[in-house]
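Chains as they are written, first to last, in my numbering: chain A, 1 to 135; chain B, 1 to 177.
Possibly wrong hints are sitting among the right ones.
Selected chain B positions facing chain A (Cβ under 8 Å, derived; list incomplete) [what the hints assert, rightly or not]:
| hint | residue |
| --- | --- |
| 1 | L30 |
| 2 | Y34 |
| 3 | A43 |
| 4 | E44 |
| 5 | Q48 |
| 6 | L121 |
| 7 | A122 |
| 8 | V125 |
| 9 | M126 |
| 10 | L171 |
| 11 | K172 |
According to the in silico footprint, chain B covers these stretches of chain A (three or more CB under 8 Å from chain B) [stated by the list, open to error]:
| hint | region |
| --- | --- |
| 12 | 11-17 |
| 13 | 23-32 |
FYI, nobody ran anything at the bench for these hints, they're computed from the structure. Built from N, CA and C at the ideal position, the CB exists for glycine as well.
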Amino acid sequence: MEERLKKLRKSMKETTFRNVNFTEDQQESIRKAISKSGESDEMIYSAILQLTTIEKTGYDLAKVILARGIKRFEDNEGLLYTLLHGMEQKGYLHIRWDEEGAKYYRISDKGRKVLARSEGKATKKKLAFSELLEG
Amino acid sequence: MEEFFTEVIETDDKDLLIGEIMHRHGQEILQLVYSYVKNRSIAEDLTQDIFVKCYKSLHTYSGKARIRTWLWRIAINHCKDYLKSWYARNVILTEKETEPAYHQDKTVEQTVIQKGEDQELAEAVMELPIKYREVIYLFYFEELSIKEISEVTDIKENTLKTRLRRAKDLLKERLEG
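Isolated chain A (complex conformation) (with noise of 0.2 Å):
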């Protein structure tokens, strides 16, 4: 048997995957499919600053996210306060505690500046972004 199997990927090959091919039209379906997402980075940074602009807990963010059609973080919170984290560290967002120690997140003016400027022009909102992404 173990000589045998040896042969299997050539025998699949020529057999089972003869008509199972990855082709130029499957790439092209998926990436619109991807684009379709529309999860890129780019959106759920502009999501969160806008979602900011009344302070909110990550808890409430992750709701209201999940309300937009962003399921990146639905079973995943840990990543969204990653990236708040992030944001907060950058000046993009300020933090409050409240006395039962609940944190709230809301946009800072230079997160402002970023939101204004990317809700311009599509090529400038590519450079704003990429200046907020970078590290």
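Position chain B relative to chain A; hints supplied.
What follows is chain B alone, placed relative to chain A:
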């Protein structure tokens, strides 16, 4: 090669990166998925989902694992989720996947020989229950080590070794009587 990916991730050009990943791994991912679901159009749909998922989580790729290992974990989990889903368990495919056409460009004689040596083995493997098919496929087709299989499937090495042995017994019964 891995440096290349790390570098591209730093430039944050995810579109470029996903293109490169599809170019390098598209075919093997599609085959891998097919080996789980045994249907071409489902395999194509799932492969699409897998690459979209991969794109969305590119920023979580730490650069520690090889990108292939990382991608395979996503793919294998996705296939298993699909197989566990209501849809896969309840909707019986009416259209049986047509067998690849051997007779098209070969003489009858060649076909018979090939059927004997190649097709039989491949068919027997594809007919194994999923847990045995998986380990046979990854070990003999993809030539991964038990350790690597354990990494991509999250199954313990000892379990895999047992399954591999059992899978070979099953194939032997089937093919050698």
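Outcome of the hint check:
no.	hint	in the structure
1	L30	5 Å, holds
2	Y34	5 Å, holds
3	A43	7 Å, holds
4	E44	6 Å, holds
5	Q48	5 Å, holds
6	L121	5 Å, holds
7	A122	4 Å, holds
8	V125	7 Å, holds
9	M126	6 Å, holds
10	L171	6 Å, holds
11	K172	5 Å, holds
12	11-17	holds (count 6)
13	23-32	holds (count 5)
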